[in-house]
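S.K.: Protein chains in written order, with our numbering: chain A, 17 to 650; chain P, 4 to 171; chain F, 26 to 135; chain D, 21 to 503; chain W, 2 to 466.
I should point out that these hints are in silico values taken from the structure, not numbers from a laboratory. There may be inaccurate statements among the hints.
To be verified - In silico BS3-like cross-links for lysine-lysine, where the CA-CA straight-line distance does not exceed 25 Å:
(1) Lys94/W x Lys169/P
(2) Lys377/A x Lys589/A
(3) Lys356/W x Lys170/D
Said to hold, decoys possible - Here are a few chain P residues that sit away from chain A, every Cβ distance over 12 Å (derived from the structure):
(4) Thr7
(5) Leu19
(6) Phe20
(7) Arg28
(8) Val71
(9) Leu105
(10) Leu106
(11) Cys107
(12) Ile108
(13) Thr112
(14) Glu135
(15) Lys144
(16) Glu150
For glycine and all other residues, C-beta sits at the position ideal for the given N, C-alpha and C.
Single-letter residue listing:
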Amino acid sequence: MNALVLCIPLLPFLGFLIVGLFRNKLSRTMSGILASGFIGISFILTLVIFFSHYYSANAITYFDFISNSQYNISFSFQVDQLSTLFMLIITGVGFLIHVYSTAYMREEPPEHFARYFAYLNLFVFSMLLLVLGANYVIMFIGWEGVGICSYLLIGFWFKNNQFNYAARKAFIMNRIGDVGFLLAIFWILTKFGSADYSVVFSNSSTLSVADVTGITILLFVGAIGKSAQIPLYTWLPDAMAGPTPVSALIHAATMVTAGIYMIARSNVLFSMSPVTMDIVAVIGLATAILAATIALFQNDIKKVLAYSTVSQLGFMFVALGVGAYTTGVFHVMTHSFFKALLFLGAGSVIHAMGGEQDITKMGGLRKKIPITYWTFLIAVLAISGFPFTSGFVSKDEILMAAYAHSQPLFWLTTFAAVLTALYMFRVFMLVFLGGFRGSEEQQHHLHESPPAMTIPLIILAVLAAVGGFVQLPEIFGGHDYFNEFLAPVVPAFKHVGESLAVQEYYLLAGTVVGLLIIFLLCKKWYAVKQFEGKYTGIKNVLAHKWYIDELYDAIIVNPFNNIAGFLKSIVEKSGIDGIVNGVGRFIQYSSRQVRLVQSGMVGNYILIMVLSITVLFMVFWNQDLIIGFLQKIF
Amino acid sequence: MDITTIIFWFLSVLALFSAIMVVTRKNPIFSVLWLIVVFFAISGHYLLLNAQFLAVVNIIVYAGAIMVLFLFVVMMMNLDNLPVVNKNTWMKFLGVISGGLLLCILVSTSKSATDMNLKTIVLKDGDIGLIENLGKVLFTKYALPFEISSILFLSAMVGAVVIGKKES
Amino acid sequence: MPVSYYIILASTLFCIGVAGVLTRRNAIIIFMCVELMLNAVNLLLVAFSKMQNIATPPGGVIVNGADAQIFVFFIMVVAAAEVSVGLAIIVMMYRNVHSIDINFLNRLKN
Amino acid sequence: MIALLLILIPFLTGLAAFFMREGKMARNWSLFSSLLTLLCIIALITNSVSASNASFDIAWLPFLGSRFTLAMTGMVKMLVLLNAIIYFIVFLATFKRAFVQPGRFFGLMLLMQAGMMGVFLAADGLVFYFFWELALVPAYFLCSQWGNEKRIQATFKFFVYTFLGSLLMLIGMIYLHGKTPDHSYALQSFMHANLSLSEENFLFWLFFIAFAIKMPLFPFHTWQPFAYEQSDTSITIVLSSVMVKMGLFAVLRWILPIFPHAAVSNSHIIIILGVISLLYASVIAVRQNDLKRLIAYSSIAHIGLMCAAIFSGTVPGMQGVMVQMFNHGIIVAGLWITVEVIETQYGTRKISELGGLAQKAPVLATLLMIMALGNIALPLTSAFVGEFLMFSGLFQYSIIIGAVALISIILSAIYTLNMVQNVFYGHTLPATQDAIDINRNAKFAMIILTVLILFLGFYPQPLLHLVNDSVQGVLSGLNFVLK
Amino acid sequence: MNALILSAAWGIILMFCSILVKNKKSFGYIAAFGLLTILIGNIADTYGMQITHYNIYPMLSLDRFGLLFNSIAIASTLIFVMLSTIEIRKTGKYQPEFYTLIFFVLCGISILTSYQNLLMLFLGIEILSIPLYILTGSDKKNLKSNEASLKYFLMGAFSTGIMLMGIALIYGGTGTFGLLPSTHSVVGTYHGISFLEITGLIILMCAMAFKASVAPFHFWAPDVYDGAPTPVTSFMATIVKAAAFIAFFKLCEVRVTDTNAAVNWKMIFSIMIVATLFIGNITAIFQQSVKRMLAYSSIAQAGFMMYAIFSLNDIAKEGLLYYALAYSLATIGLFSTMSKMKDYTFEGYNGLAKKQPTLAATNAIFLLSLSGIPLTAGFFAKYYMLASVIKTGSNTWLVIVGVCFAAISIYYYFRLIQSMYFKPGNPETVDEEITPFFKNSLIVVAILIILLGAFPQLLLNWFYF
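Looking at chain A on its own, in the form it has when it is part of the complex (with noise of 0.2 Å):
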């Protein structure tokens, strides 16, 4: 079992060998059924472990990674109910995209084709040893492997600057993040001796306040940095350079949420500490604020999208922030379901639309391709909560956690979600409502998406539709099966008193009524024959984004390069090693002053001999007194 266990992650790595290594050999159709079959293939042994229910609170440990006398890591996994659940997730909805993927990338030629599986594979068999890990030095591993792997898909399309841009920005502002997970890791390694979950855990009582305070901010910082949260969230919106599938998979699905695993997985310690648990809830509320305003503008459907993640991930960080790591991953599960769809269903309306990416340019597909229509639709509904959608259940439930932790929290996490309900609903009208605004040739060109891609939309949409029901609240005769799975991991987040149950009952009508209210405003708004996309005023300031790339350009950025040309040119130049060749240019300079003493003239040597004997003299007799002086200066 242990063996199979180390499959899940060495199958895509096999397949990352194999398709890359062949890359020139294998054909398109090879090389595609080579990188999903061992997706696949994983899927399925997961499946099995899950349904074994093959899970133990203590590691498999496989071999020592780095061991001295101080401390020991080990190379071991952890397989229990989180890890399995995250599993499920990455092999599952990986291997979706992987087949849809397949024809996505059709037009890609056959190098490059495989090349971008065998980094598809890679992708996942980091994102799997990051979830599996059974210490923090292993899920440091993962954590960095996903964050390369999304550089090198970001940076696809290598021949465009602006994504190689993009790229760069995505894993520097990660490695700003893994700066706070890698101080995390030797302050724990330091207290502990040790960064295995279970000893860490079991004996987080012995640290003072301010260890686990510090520890915990630092490893904030790194899901940060990895989760797109304030104020290392911008590299995401870039982040939709890459093919989109790659979005789906990563920058909505999987990658991203790592954050919320970590500190799921550490909930012991935060726990521990409520000044993070504050941290953490006020900065992802602001996130998700912030994110779905900037939404709310966006032209580019994609773009659209991500914020609308980074605001999600918002919406989970609160949920962790007052203490429901379950709603927190449940809110996982759902947002990868409907959101991994809405990439996909997106990307099927950019291959569509022959890659037009701009909404303006769109409307009426609705006819045009009805499948990605209808599972776009319930993807919409689902994110924006509709009734019994997957996107309902979870973001309920974090909203009563808020409720539960304090009002003010509640009412604004409310305000993201209508906020959210109101930009997806936007694009929704603008992509397949009214009339379609594009060229002549684009409208030629319209036709729906080979079976390879609407497939996987069909799933998704049925998950993203009935996702929502392992944790229906009891009221409406559902269960918490979802907590109670992770309960020996996560400790369940309890819903409080009768009182809340009526509260859900509001929050249903409440729901229904504003989504209304929203369809029908934004259907006046934007379901229309003409849009143009320009805004003024506070409208363009969210168009572009609270100006914050220009912020970080300026205050960041610039400097930073200043800063370095300055060190380059002046102080290293001019400065030291200025220095170093001055001292040469004055012994050359000395050298031609000096070797006039040798004028040639017997007399001036003699003279001068006679001189320095009489000087000699005087020092002699006198030494006792020069020494003296020396030392008071030395």
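Given chain A, put chains P, F, D and W in place with the hints provided.
M.R.: Frame of chain A, contents of chains P, F, D and W only:
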């Protein structure tokens, strides 16, 4: 103020004066002649100090041989019509200054050797200067240097040949 | 006669010689000044020989002042040899450049 | 005996190589020699020869109390292995290149290898100094004969700088020799020299400056980018993979055991210097347009980190330094080989003139990518292990310093990815219009390195085991002081 | 004593050879043979076998130190003759006289290495100098040679005067010319030493410094070395200078160590050392002519030899011998190669490695040795000097200064290597004079240097046995 003292002073003044003349004369020939005077004065001192042998040798070797040699050379290249180069006076000045400094140092050491002044030299007395005494010492204790000085002369001779011979 | 008189006399002669070497530019005269220096030394040595001949501290060995005079003798010997070589060199110089002004000796410098 | 062989093989083969006129023979010969050396050390590490062979001792200068002593520790074995591997790789990668005066080139290269072997193996002060210089002289001749237009003055700067340093060390050695109880140069009796604290401090600095120049550490580093930029890349590989390790190695083997008190009392200054050169060099690397300079600065940065980690005096720090010496060696060698390929094939090192190579030379691109990832210490590349350990060591020493030092991993990402992006991605430029891919030998060499990097990144235990005894040895001395 | 007698005899023999022997080529071989016999005689002397048992006691005394240096000097003279016999042949019809004078110089050297009496010191110095005045001027048509000769003579004579003054004062102070000081009849004491003696010693030291070309009394050296015919220069700059140092060392060893510790001579010496190192190294940097550069480098090396006189201990004693040999071999080799070049400037050497690989390689070794790189004799030479000072303790600053200057010296030594190896060019050499014999001799010297660098005991065991 006996006679020896007077002679001492006379010879000293003569030596110094003519030495200065040696240095200051424009014409080399005069310098040579004045130098001979110096040597005579010094020989006189030797006599006062009962170093008769040295006095004689000094006259013969220096005043006789060497100075004549000088004189010949000076005559041979009649140096009166030397091309006059710019005489740099500061060089002269510095020369005198540094010479004076050296003098100060030498004198100061002899002065600072306080009990030096107590030491006196009895003139017109003692026989170490006599030729037989010197001869004894020279051929016993100093025989080796005496032999070795022959090498010196040989090399000087060879040198004179090598340098002096006209190239054909 | 105090020995310091002789020291001063000899030193003065010596320094006159040095000053002559420094001030004059004529090679021959410089050489003569050197001879002057040598003679000053000779005088000094003879004076010392007399002094040491007198000075016989209790329990000390009799110092035989003779060796100073022998030394003087050797100095004269060497001086003679030197003169022969030196004059030969000067003459050679004169043959080639028709001058014995040392300020013309400045091909070799720096 | 093996220890002696490790020096003799390159030395004698090098001398022989001088007399080989045509290049083919010379390079086959030197490749063979390097292979032989490699086999020797591998045989030693895998214990297929008895450990008694590991050391060698014979009377040399009895009246100076100096014996020709060679001794092995884990660290020494590792560095000797590195030396052997790198030479094999270099000769392999440049196999197709035609050097002017090949005989002299390969001869000098092998002599340099012999010198460095000696530096690593020597257990006697005077012998150590001898080899320290002997490694330097061939380097001087190599760098100033094969390279770019400014090579002569660059090399001269490099030589004078290091020579001055080593002379200071010589003074220290002689002084120390006078203080040893048995007036000998043996490392052991150096450790038992009876020094006052002030003396120890003074000698410590005499030694450390020599090694700091060699490393190079922050204020003394300016010779390095110049020399690396100007000398031929195949030589630069050796310089920056092996020779700069001499400085760190010397600190570990000579300074820490001999001057523990001074090392502890000065550790703060030196760690700060190390961190400065780490950040300073990284920041400068961001703005470099010349590939070689960029890599040179990044190398300075890494060395600075290692130096700081040494003086943190912590178990992980030491462990990290030791393994990182090896890992940095192979990774930077890989980077240099790519530069070598680029320079020889496209005739430029200017980053701004390169671009889009990924389309033209995918294999090269892939290999460089792996090396670059190694350079930014990505997990599962061998560098990660070392840097992780070193950073955690620094963190143990002081949280602040650890945090500050960690900033460098961001910077390294910035400049390395800059390089990768500008050289390999984007559109092709005139220089790279008709670029061809990496040739077979270079590819083979790079693949060997890649396998090493990935394997040691995934399973670093062999390396950690190898250096374990050295870590204990070095630390025991320091801990004795700290107590 | 054997060396003295034999070399005098051989000098006279060669004098007459000029009349008897007609074959121009044979003089070189005769001289070489003579040197060989002298070497053998001297070595025999070290084993106590002497030609005559003439009583030399108060004037000379043969100790191992002096005899060993004699051997070194004679051996290096032999090498010198081997390497530059062709050059000497070119000096024209004074070839035998040339050798004669060299033999007489050797007499002077063997006196200076064993003198026990200031008179002998004086005679030795003169016997050393007078032939050199002549040799310097032996290239009679060459104005530079004449000028060098006259300069050397004038300044030499002057320094003789200074020296005699010093000796006279010492005599006045101590009442004896013996090198070993007699404590009786001391007048005018300062810390128990006569003022006159101290003054005399200082003046005498200045004169010796002049002979050893130690700053600030070095001024004659660059001009004379530059002007003299190259073989003479190489003889003067190496063996003669070393001999002067030995004499200087013997003087200080006895007199300085004798004087009361309260009299601190280190000050003067350290001034001389720093001045010499500074002048020698700094000025050498800017020279364009290799010959002149070597002249200044010889001054710089003299600065290092001064360390021995500064520290005056047993290490210094061994080291001085070792230094003399190492320095002489390397410098003789360089000069002999230079005499084969048509152009003495650095540019003249450009690309020598291509045209004459053997010459270039050997010269590189000589230069490395001069700059003190390990595995060459030069390293241990420097090592001993540094070690001797460090042994005195509390003078480390002086060592550090020296080391800095050693690093500077790299500049001009390696400049020559650079132009030989790395600069393109086609140097003009006198090819017909680069005989296989010459090359082989160079190689032998190079091997000798490396052997001494690897196993210094080869030389120094002589010192102990």
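S.K.: For every hint, state whether the structure bears it out.
M.R.: How the hints compare with the structure:
1. Lys94/W x Lys169/P: It holds: about 12 Å lies between the C-alpha atoms, which stays within 25 Å.
2. Lys377/A x Lys589/A: violated, 53 Å
3. Lys356/W x Lys170/D: Cα-Cα ~24 Å, so holds.
4. Thr7: Holds: least Cβ distance 34 Å, greater than 12 Å.
5. Leu19: holds, 20 Å
6. Phe20: Phe20/P clear of chain A: closest Cβ-Cβ about 23 Å, beyond 12 Å.
7. Arg28: Holds: least Cβ distance 18 Å, greater than 12 Å.
8. Val71: Given a closest Cβ separation of 26 Å, the condition holds.
9. Leu105: Nearest chain A Cβ is 6 Å from Leu105/P, so the label is violated.
10. Leu106: violated, 10 Å
11. Cys107: violated, 8 Å
12. Ile108: The claim breaks: Ile108/P does not keep its Cβ more than 12 Å from every Cβ of chain A (closest is about 5 Å).
13. Thr112: violated, 8 Å
14. Glu135: holds, 40 Å
15. Lys144: holds, 32 Å
16. Glu150: holds, 33 Å
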